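Visitor: As you go down the protein sequences, you meet chains R and H in turn.
The first sequence: position 145 = 145 (the working numbering), numbered continuously.
The second sequence: position 188 = 188 (the working numbering), numbered continuously.
Keep in mind that the hints are not guaranteed to be accurate.
Here are the simulated DSS-like pairs of lysine-lysine, each with C-alpha atoms no more than 30 Å apart in a straight line [claimed, not checked]:
1. K35/R to K167/H
2. K185/H to K178/R
3. K73/R to K18/R
4. K64/H to K178/R
5. K86/R to K169/H
6. K201/R to K77/R
7. K167/R to K64/H
8. K138/H to K18/R
Anything over 10 Å on all C-beta distances counts as not near chain H; from chain R, calculated [what the hints assert, rightly or not]:
9. Y5
10. V23
11. G37
12. T39
13. W66
14. H71
15. S87
16. T90
17. F105
18. F117
19. I166
20. S200
21. N208
22. Y236
23. D238
24. S240
By construction, these hints were calculated from the structure, which means they are not laboratory data.
Owing to the predicted nature of the structure, the values given are computational and were not obtained by experimental measurement.
We put the CB at the ideal spot given by N, CA and C, even for glycine.
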Amino acid sequence: MSHNYFDQVQNFIEQSAKVTNLVELARLFDLTIRKLGCTHFICLSHVDVFNLPDDAVLLSNYPLEWGLYHHEKQYFKNDPIMDTCKSRITPFIWSDPSWRALLNFDKEKILNEASEFELGEGHTIPIHSGDGYSASCSVVFQPGEVDPHALMAIQLMSVYLYETAIKMKTKSINQRKKPTTRQIECLQMIAMGKSDWAVSKILGISENTVKFHVKAILNHYKVATRNQAVIRALFYGDISYMDVEVNKPALKPEQSGFIHLPR
Amino acid sequence: MIHLINKTNRNSYTDILSQMYKQRTAVFIDRLRWDLNCEGGEEIDQFDTDDTIYLVCIDDDSGKIMSSIRLNPTCKPHLMSEIFNDLCSEGVPVGPTIFEGSRYCYNPELVSRSDRLEAMRYMICGVMECAVMHGWDKITFVINMPLLAHCLRAGWQIYPLGIPQYKNKLAVGAFAIDVTQEDLKNVRENMGLSPAQSILVPDFYDVA
Numbered sequence: 001m002s003h004n005y006f007d008q009v010q011n012f013i014e015q016s017a018k019v020t021n022l023v024e025l026a027r028l029f030d031l032t033i034r035k036l037g038c039t040h041f042i043c044l045s046h047v048d049v050f051n052l053p054d055d056a057v058l059l060s061n062y063p064l065e066w067g068l069y070h071h072e073k074q075y076f077k078n079d080p081i082m083d084t085c086k087s088r089i090t091p092f093i094w095s096d097p098s099w100r101a102l103l104n105f106d107k108e109k110i111l112n113e114a115s116e117f118e119l120g121e122g123h124t125i126p127i128h129s130g131d132g133y134s135a136s137c138s139v140v141f142q143p144g145e146v147d148p149h150a151l152m153a154i155q156l157m158s159v160y161l162y163e164t165a166i167k168m169k170t171k172s173i174n175q176r177k178k179p180t181t182r183q184i185e186c187l188q189m190i191a192m193g194k195s196d197w198a199v200s201k202i203l204g205i206s207e208n209t210v211k212f213h214v215k216a217i218l219n220h221y222k223v224a225t226r227n228q229a230v231i232r233a234l235f236y237g238d239i240s241y242m243d244v245e246v247n248k249p250a251l252k253p254e255q256s257g258f259i260h261l262p263r
Numbered sequence: 001m002i003h004l005i006n007k008t009n010r011n012s013y014t015d016i017l018s019q020m021y022k023q024r025t026a027v028f029i030d031r032l033r034w035d036l037n038c039e040g041g042e043e044i045d046q047f048d049t050d051d052t053i054y055l056v057c058i059d060d061d062s063g064k065i066m067s068s069i070r071l072n073p074t075c076k077p078h079l080m081s082e083i084f085n086d087l088c089s090e091g092v093p094v095g096p097t098i099f100e101g102s103r104y105c106y107n108p109e110l111v112s113r114s115d116r117l118e119a120m121r122y123m124i125c126g127v128m129e130c131a132v133m134h135g136w137d138k139i140t141f142v143i144n145m146p147l148l149a150h151c152l153r154a155g156w157q158i159y160p161l162g163i164p165q166y167k168n169k170l171a172v173g174a175f176a177i178d179v180t181q182e183d184l185k186n187v188r189e190n191m192g193l194s195p196a197q198s199i200l201v202p203d204f205y206d207v208a
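Using the sequences and the hints, build the whole thing.
Guide: Structural data, given as structure tokens:
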């Protein structure tokens, strides 16, 4: 039985390498999961999908009415599935009580409303492969209609689906240029709250050079303010929260609050 | 740059190997809680053998290991043949030109996601280059599903050998890549390297 599933996976991977556009790719996945007993799917980068950035994708056969309703209510800000995927790497079933127990009233309400659009039971695979957005692929089915082994095959295919889609959407996603080392150093200090003057003294460069670097950073991220630049840099992982929080001047041991037991 | 360590030059890399085993302990035992053997803070198992080849990416300035991977000949017992053979639907691929990659490990001090991704993509280039140089035609891996997406993103044409299974909460599967000059070019391009840019230390070719 599971041998048959593997044939379907191989077939999907082989075919997906041949398709020439996203519509064909979505149709291929739709066809494949229907054979396995699923009714709907959605494969998406976690962004406001009605305002899709260049390096994000959305492939789905969800009822459009649900999509519009979801958007109108701004559910993407509080969607339980997207929200869970941000901090989780393992798949989950929507009816799993241990997952449902974690959801608050508003999130539970979104799931209940979805079930009125025939999106009641499903299986979601979080995907974290990029430098930016988290993503996921969910399939929807009638409770008990899909074999757990089939879900494993779907989990495997979902990763290929998302990566193929992203590659098709933009071939340059990995060629996103990083800011220069000097620019990053400046931005880290700005994130720590340092003034241009302070940055210039620390790096041993003139204040004008610091301003020059900052301007280049704003340009780089295509944003208008320093706060926006810091947020972008954290999002893309160009600076990390640890760099900004840890690289404070060292305090004397007795002031720092850490516990050190002398031997 | 990436160093190749095998039985011929192992003696001059004892400190590096020890550092690598300690990083493996920190990542696989302390962080990921894998049930592995550990002696004197060093994670070493039955597949760290005389035939094993290690690729180790060492930061030129600090001398610290940024990432490492273990490569074993598939003609001898290896992870996929001994422990995970149920993951392959049509048998474990073995042969003199097939090697298995395992224990990919990044420096646990790398905290930002982009640094970790970069270390991994860099190592992927190293593995491809090493394979082309040796004339291998296939590399096999047992990897978990979250890692699969990263391999695909790096430009690897990695394909499954069977349906993954749950082992310790994470779905784990058997995968392989075919080694071609074209793929080496692809992963280099994805990394922002020029198509012919080697990232292996110059004496790498002598050692191998």
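Visitor: State for each hint whether it applies.
Guide: Cross-check of the supplied hints:
A distance of roughly 27 Å separates the Cα atoms of K35/R and K167/H; the hinted pair therefore holds under the 30 Å criterion. Among the hinted pairs, K185/H with K178/R is consistent with the structure: their alpha-carbon atoms are about 21 Å apart, no more than 30 Å. Only pairs whose Cα atoms come within 30 Å are accepted, and K73/R paired with K18/R is rejected, the gap being roughly 38 Å. Using a Cα cut-off of 30 Å, the hinted pair K64/H and K178/R holds, with the two alpha carbons roughly 23 Å apart.
Between K86/R and K169/H the alpha-carbon distance is near 18 Å, which keeps this suggested pair within the 30 Å criterion. About 42 Å separates the Cα atoms of K201/R and K77/R, which puts this hinted pair outside 30 Å; it is violated. Of the supplied pair hints, the one linking K167/R and K64/H is violated, its CA atoms being roughly 34 Å apart against a limit of 30 Å. A distance of roughly 22 Å separates the Cα atoms of K138/H and K18/R; the hinted pair therefore holds under the 30 Å criterion.
Remark: the non-interface label on Y5/R conflicts with the geometry, its nearest Cβ contact in chain H lying 6 Å away (cut-off 10 Å). With a cut of 10 Å on Cβ distances, V23/R stays outside the contact zone with chain H, its closest approach being about 21 Å. Every CB of chain H is more than 10 Å from the CB of G37/R (nearest about 16 Å), matching its label as outside the interface. With a least CB separation of 22 Å from chain H, T39/R remains clear of the 10 Å interface cut-off, as annotated.
In this structure W66/R is separated from chain H by more than 10 Å, as the shortest Cβ-Cβ distance comes to about 27 Å. Taking the minimum C-beta to C-beta distance to chain H, about 27 Å, the non-interface status of H71/R holds against the 10 Å cut. Even its closest Cβ contact with chain H, about 13 Å, leaves S87/R beyond 10 Å, as expected for a residue assigned away from the interface. Look at T90/R: its CB is around 6 Å from the nearest CB on chain H, not clear of 10 Å, so calling it non-interface is violated.
Listed as outside the interface, F105/R is consistent with that label: its C-beta sits roughly 29 Å from the nearest C-beta of chain H, beyond the 10 Å cut-off. Consistency note on F117/R: stated as away from chain H, and its beta-carbon is indeed over 10 Å from all of that chain's, at 29 Å minimum. With 10 Å as the threshold on Cβ separation, the claim that I166/R sits away from chain H is violated: the shortest Cβ distance comes to roughly 8 Å. Look at S200/R: its CB is around 25 Å from the nearest CB on chain H, clear of 10 Å, so calling it non-interface holds up.
Against the 10 Å criterion, N208/R stays outside the reach of chain H, whose nearest CB is about 29 Å from its own CB. Non-interface call for Y236/R relative to chain H: violated, since the shortest CB-CB distance, roughly 7 Å, does not exceed 10 Å. Distance to chain H contradicts D238/R as a non-interface residue, since its nearest Cβ pair spans about 6 Å, not more than 10 Å. The claim that S240/R is not at the interface with chain H is violated, since a C-beta of that chain comes within 10 Å of its own (minimum 3 Å).
Checked against the numbered hints listed earlier, the structure breaks hints 3, 6, 7, 9, 16, 19, 22, 23 and 24; every other hint is satisfied.
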